[in-house]
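J.: Sequence:
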Amino acid sequence: MSAIPSLPSTPESAGPAGDAPWVVCLCAEWCGSCRDYRPLLQEVARAHPQFRFAWVDIEDHADIADAFDVETFPTLLVAGSDGTRFLGPLLPHAETLSRMLSALQAPQPSSLDVDLLLAVLNKKPAVFAV
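For the sequence shown, this note's numbering assigns the number 11 to the initial residue and increments by one for each residue that follows.
Note that these hints are calculated values from the structure, not bench results.
Note that the Cβ used here is the ideal one computed from N, Cα and C, for glycine as well.
Per label pair, the in silico range of CB-to-CB distance:
#, residue 1, residue 2, range
1, Ala72, Ser112, 25 to 35 Å
2, Arg45, Val137, 10 to 20 Å
3, Pro119, Gly42, 31 to 41 Å
4, Val137, Trp40, 18 to 28 Å
5, Gly98, Asp125, 12 to 22 Å
Whole structure, please, built from the sequences with the hints as guidance.
T.: Structural data, given as C-alpha cells:
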C-alpha cells in the first residue's frame with residue numbers, strides 16, 4: 011500500500027488543466043537513482059492530478075536543459091505560467107515529493123530558461139511523459 015494519499019477520481023481531478031503547474035524531473039538515463047525514481051514519480055502524479063508531470067533527460071534534451079546546470083540527481087522544477095515554485099535537488103522519495111507539493115511556496119518570477127522549458131513541455135507534452 012502506498013504512503014501517498016490518493017485523491018478521489020472526479021471530473022475535476024480527472025486530469026490537470028492546460029495551465030496547471032509542471033513538476034519536471036531533470037534527470038539522466040545513466041543515473042540509477044533517476045531510473046528508480048521514475049515509477050515513484052508516476053505514483054506521485056496519480057496522487058496530485060492538479061499538476062502536470064514531465065521527465066526531461068538532460069542529455070537527450072540538452073537544448074532546453076543545459077541552462078539548469080544539473081549536478082545532483084534527481085533535480086526537480088515546479089513551475090507554471092505564474093512563476094517558479096521550486097528548483098533544486100530532491101531526495102528520490104515519493105513521500106518527500108508529495109509533502110513538498112502539498113506545501114509549495116508562492117511562485118517567484120521565472121527565468122527565461124524556465125519559460126523556454128515550459129514552452130517546449132506545453133508544445134510536446136507526450137515527449138516528456140512520466
